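Asks: The chain contents come next:
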Amino acid sequence: MAGLELLSDQGFRLDGRRPHELRKIECRMGVFAQADGSAYIEQGNTKVLAAVYGPHEMRGSKSRGLHHKVLINCQYSMATFSTGERKRRPRGDRKSQEMTLHLKQTFEAAIMTQLYPRSQIDIFVEVLQADGGNYSTCVNAATLALVDAGIPLKDYVCACTTGFVNDTPMVDISFVEESLGGPQLTVAVLPKSEQIVLLEMASRLHVDYLNKVLKTAVKGCKDVYVILDEVVRNHVAQIASSVGSE
Amino acid sequence: MSCCLLDSNLVKIEKRINAKLRGKTVSFVREKYLRGDVYCHSPVCLHGCITETATRIGHLPTQATHYVIPAFDIICNFLEILELPEIKGIIFVQSALNRVLIDIGKRHYKKALSIIRDPRKECVAFLDELHKDTYIEKENGHGSKEILHCATFRTAVWYHEHLQGKIPIIIVTEDPQVIEKYENQTLGVFVISFRNYLEEFWPDLEQVLDLFDSLQTIAQTASEIKTSGGTSEYSNYLSSEGLHAGLKSGRYFQGQLRVNKNNSGKEAFVSVYWLSSRECGDILIEGMKNRNRAIHSDEVVIDLMPKSEWKSRNQILTNNTKEESVNGEENKKSTKIMPVGRVVGVLQRRWRNYVACLPDEEDYNIANRKLGGRILVIPYDCRIPKIRITTKQAVNFQNKRIVVRIDSWERDSQYPNGHFVRILGEIGDLETEIAAILVEHEISVSSFSKGLLEELPTTTDNSPWKIEESEISKRKDLRKSHLVFSIDPVGCEDVDDTLSVKELPDGGVELGVHIADVTHFVKPLSLTDIEARSRGVTVYLADRRYDMLPPLLSGDLCSLLGQTDRYTVSVMWEFDPHFELRKVWFGRTIICSAYKMFYEAAQDILNGKSLEEMQSTIPELKKFSNTVMVEKFEELKEALIKLTAIGRILKKRRLQSGALELDSLEVQFEFDSSYTHQVETVKSKEHLEVHETVAECMIFANFWVGKKISEVFPHQALLRHHPPPRSEDLEELKLCAAVKGFQILTNSNRSLAVSLDEAVDPKDPIVNKVLRMLATRAMSQARYFSTGSYSLEDFYHYGLGLNRYTHFTSPIRRYADILVHRLLLSAIEEHYNSNKLLSNTDLQELCEHINERNRAAQKAQKISVELFQVLYFQKNALDDTLCIAEGVIYSFCTNGILVYIPKFGVKGPLHLYKKDGQVAVVTNKGVEWMAGHLERSQKAVTVVSPTFTYRQTYQLFDHLTVRIEVQSARAHPATLSFQLIDCKSQISNMERYSEKPCQNSQLVEEVISSIVVKEEKPVEQQVKSQETYKQTSLYSLFQKLKDMSLQPVNISCTSSE
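Residue numbers (the UniProt record's numbering), protein chains in the order written: chain A, 1 to 246; chain B, 1 to 1057.
There could be a bad hint or two in this list.
The calculated label-pair distances, taken between Cβ atoms and stated as ranges, are [as the list claims (entries may be wrong)]:
#	chain 1	residue 1	chain 2	residue 2	range
1	B	13	A	241	57 to 67 Å
2	A	203	B	137	51 to 61 Å
3	B	374	A	180	40 to 50 Å
Okay, derived cross-link-like pairs now, DSBU-like style, lysine-lysine, Cα gap no bigger than 35 Å in a straight line [to be verified]:
#	chain 1	residue 1	chain 2	residue 2
4	B	480	A	215
5	A	215	B	740
6	A	212	B	32
7	A	212	B	111
Just so you know, these hints were derived from the structure itself, not from any lab. These numbers were taken from a predicted model, which means no experiment stands behind them. In this text, a Cβ means the ideal position worked out from N, Cα and C, and glycines have one as well.
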C-alpha cells in the first residue's frame, strides 16, 4: 500500500491505537495439567503458550548441573502455522536460538536461582501466532507460567517492544509497524524495582532520543504488569475458592 | 479466560487481508481497535473532545453556521473549490480520503491533506474507521461506493448527535441517487448538491461557479477521453516498482527536469549525480517525445540512450520567430558531448497554477466558435507546453490573461489537459502583468485575514500601545543606561535593528546590537505565525511590496522608532581596550532609540560636520536646549566614532582569518537585496563607510547567534550556509579575465576576492564590473538549513568566510529570523526544553520552504524590474538618445554575442548572423545584412562577408553601440533585444566616467506616471486596485516608488540565479 502512515496527524496508529496504548492482552494460567506451570497469552494477534517444568533433578548428564544455583533451560519455538507463510523450521534456526538465549538470560536474572542448586528448571514457549513483539509476549507468558509453577521470583518480568516514529515512541508494536523499519527497543524489567533485565535495540536511534523511548518502554512494561498481576490474583482467588469449597 | 485491557472502551476486531508479497499472495489477519474517543474537533462540543492534542491539529471554526461534509465524488472532482480559503469548516471523512488515495493517487490525497493541515482553513478529518459508532464492516458483494456514502452519512449523523444538533451538518454530493436516498433520513443532516450549496451559502464568492462549471465539464469528459484512446503519442510510464528498482540498481537516474527557455520545444535537461565520477552533470532530453509528458520542474526518472546517440547541445540562438524569446544567457560555451536520455517515469509532478492566454488566431475568431469545446492556450512561461482546456466561457477570454491548471496528460494526447480557474485581466495592463508575475511565482498577496488582525494588540491614536509592566521585570532595561540609535536608509519605516556603543570604566567598549522582538508578538502557531510562515519573506517588486507581517507589526509595534519604548532581543559584546572580545551576552531587553538616523547623516557627523549643519537632519536634537544639544551631539559623535573603529577592527579580523573581500558580492546580495527597497536617493548608492560599519555589526551579531544556537541545539538549529562555487562555473570568469591579462585565482574565496580586486583596467572601469558580474553569476545560492541535516564542514559560509552564519537581524521581513529568535530565546533559558522546538526533519522541511520562497521573491523582483524596463523602452522607443546605448561584449554564442549595457544594467544577446546566411555588416551608413558567415575562436568572433571583402572582429570587452528594442510577445513576457548600430563606442572614456547609470527607480517612476496620465483614471481607482499597498494618495504612491528604488546598478548581476 502506498504511503502507509504509521502515525496519523491525529495521533492514531494503523490499527487505531494511540502511541502509548498496548494491544489487547488476554491470558489464562494453568492451561496444562502435566506441566508444573503453564500459561497462555494473547497480545493482540500474537499468541504464545508457555510451559514450565521444575525445579527438578538434572535430566541427562548430571555434570551440567551447577553447584551454586539452578540451571535454567529454555526453548523458544514458533509453530509452523504461526506466520503468513508456512514456517519450515519451527525451532533450532538462528532466530529461535537467539531468542532462547535471550529468554535464558532474562529469567536467570529474575528467578531466585540460588535456592535450587544442582537442579534444573525448563521453560518452553511456543509462538502459536506471530504478529510482532514475539519476544516480549514470550517473556510475559513465561512469567505467568513460572508464577503458576510456584517458582520463587524476585518480581514479575514484564517486557515490551517500543518503536519510534515521527519523534514519537510507540508502545507494543505490531508486525506491520515492525516490518516498516525504524528503530525498535525491547526492554524486560522487574517492574517494582524498575531494574532492567534485558535491553535490546534494532536499527539506529539517536542517543538524544534513547531516554525518551526507554521511558515509554518501561511505562509500557508497567502497564503490562498491572494486567498480569490482576490475572494472577484472579487465578489464585479462583483456586482458593475452589479449594475452600471442597 | 480473563480479559484485560487498559481502556475497556476499545473494541477489538479482526480483518483478513490478502496482500501481494514478493509475487505471492499472502493472507494475513490484521487487528483493528475501535474506540469511542475519536475527537470531533468542534469548539461547540460538550464532551470535552478538544484536548491538548487539538491545538496541534487544528479545529473547526468557532463561529460556523454549518459544517459541510463533502462526499467522495466531491473530493475527487471539486477539491479545488474546497481549497478556496473562504470555505471553512469542512469535515473530511477518512474512509473517503483513503479511497481517494487508492483510486486517484497520492497527489490528490496530499492536496486534501494539506487542506486539513492548514490551520487557516479550519478543516478536519474525521477518522470514521476508528470510531465504533461509524465503523462499517466491508462485506463482499456490497458496492464499495455504497459503503463510502453510508460512511459519510453515518459520520454526519454522528456529528449531529454528538453536537446535539447545535450546528447543522450538510453533506454535499453531485450524485442524485445519494441525495434521494439520504435526503430525508435524519433531521438536521442535510444532503444537497454541491452546486446548490455553493449558490446558497457562498453567493459572494466570485467566479466560484465558473470554476465549478469548468471542473464539472472535466469530470464529465474525463470518461470520454479515457475510452477514446486510439493512437498514442507517448510511450507508457514504467510501473513504480520498476522505477524504484531501476533507480536502486543505478540503471535509471532521477532529477528535476529543466526546460531550456530558449528552445522549449526541443531541449530539456536533468541534473544528476554521477556515481562513477562523483560529480553532478546534466543529461539532455531531446524533443517532446523523449520528454514524455514531463513538464518543467517535475521530478523525473531518466533512462540513458546508447552512447552512439549522445550529442552536444544545440548552441544556436533561436531567432525569435514565434513564441520563443531570445535570451542566450544559458548558452554556455560547452561543445563537449552530452549524455542523452529519455523520461521513463515521473516521480512527482510539480504542477501549479499557470498564467496563459489564447493564441493570436484563436483570439479573433473566438466569438464565432460555438459554446463549449476545447481550446488550446499558451502559457506565459514559455517552458510550459500549450494546455488544452475545456470551457464554455472562452468568449470572455479574448485578450485576457487567465489562470489555468493542468489536470492530466494522457498518453494519446499531444498536449496536457487542464481547466480554467480565473481571469487575471487585460493583456498589457500593468496590474495584469504584475498579477501574472505573482501567480507564476506562487506569491500570496491576499490581505491579512480578520482573525489574524484580531490577534494583534490594539493601538489607537487615543490609547497607543504601551509596554507592559510585567515585561519590564523579565527584560534588561536599557532605556536609561545606554545610548541606542538606528542608522537606516532614508525613508525607512520598518526599523528592525539598532545599535549601541558604551565605554566601560576600564577603557573597554561594550557594543550592542538590538533587534526588534518580533517573537513577542508572533507566538508559534498563531494565525500571524502561520501566515508569515507561508509567506516566508516580504516580497519587494519594482513598484510595490507585499509584507510578511501585518502593517501594525512591521510598521509600528516592531519597528524601533526614535523616542519610543520597544521590546528587543539584544546581543552585547564586551571588548577590552585592545578590542579583544571579553564576553558575549544574549537576552531580551527594552530600549528606547534616541536617534533614528540616516546613513548620510551619520556619515556627515563622522566627517566632522558641525552641529549647526546637522541640526536639520537629526530632528531628535531639536527638543533639547542649546547647551544640552551640544552635549548630546558630542555624545552621539563619540559613539559613532567608536562604532566605526569597532567596525574596522571586526572587518580586518574577518579578512585576516582567511575571510575575504568578496563581501562586495555576498553582502551585496545579502544586504542590498533586502535593503534596497528602503534606500531613497540615487546618491545613496555611493558607498559610505558607515554602510560597511553597520553591515559588519550585523554580520557579527548573526555570526554569534549562529554560533550560540548551533552549540545549544546541535541537531535543530537554523543556520545559513553558502557552498563554494563549482569550479566549472568559474571557468568563464577565468577565460574572460585572461583576455585582459588578469589572472583570477579560484582556489579559495580569499584568493578569488583578492584577484578580483586586482583585476582593474585603469582605462576601462567596466571591465572590473563585468568580471564581478560573472563571478557573482558563478556563485552558488546561499541557503538556510537545519544543523541536524548537514555535516559540520558544510556549515561554512563561502561568501562571508565564516564557519557559522545565520539570519537574526531582520525578523520583520524574513521568517527565518523569527525562527532564529525563537531558537536563541530558548537557548538562553535556564532550563531549555528542546522538545518545544521544531525537530530536525520539520525544521529542514521548513528551511526548504523558506529557501524556495526566498528564491521566488527574488525572481519575482527581478522579473518585475524587467517588466518596467520593457515598459520604459516601449514608451521611449522613438527616442534615440535613450534607446541607443553603449554595450560591452562579455561572452559569445554561435550566431551572436552577449552584451552588457552598463547604463541600464541589462544584458542580452545580439545577433550577428541570421538563419538565411546573412551577417550584420557595419558600413558608414549603418548596419546592413549581407551574405557571409562567422568565424569563431575562443576569444573573438569575426564577421566575414566575402562578397564585400569585409571582416570585422569582435573581442571580449569591446565596446559597441547598440539600440535597445522591445521584443514584444503576446503570450509571454516581453523582452529586450539589441540591434547593432556601430561596432565602436560613441562615448569617450571621459564621458564614461562621468556618466551616471540610469536608476531603475527613475525608470519605474516614469513608467508609472505615464500610465496614470494615459489612463486618466481617478487617482483613487488606480490606488485601490493595489490593496496590499495600504496607500491612499498618489503622492504616497510615488513616495513608495522611491523607497523601492535603489536597485543595484546591475540588477541582473546581483541576483546570481
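Asks: Against each hint, give a clear statement of whether it holds in the structure.
Replies: Consistency of the hints with the structure:
1. 13(B) x 241(A): 57 to 67 Å: 34 Å, violated
2. 203(A) x 137(B): 51 to 61 Å: 36 Å, violated
3. 374(B) x 180(A): 40 to 50 Å: 44 Å, holds
4. 480(B) x 215(A): 50 Å, violated
5. 215(A) x 740(B): Violated, at about 69 Å.
6. 212(A) x 32(B): At roughly 27 Å apart (the allowed maximum being 35 Å), residue 32(B) and residue 212(A) satisfy the hint.
7. 212(A) x 111(B): 33 Å, holds
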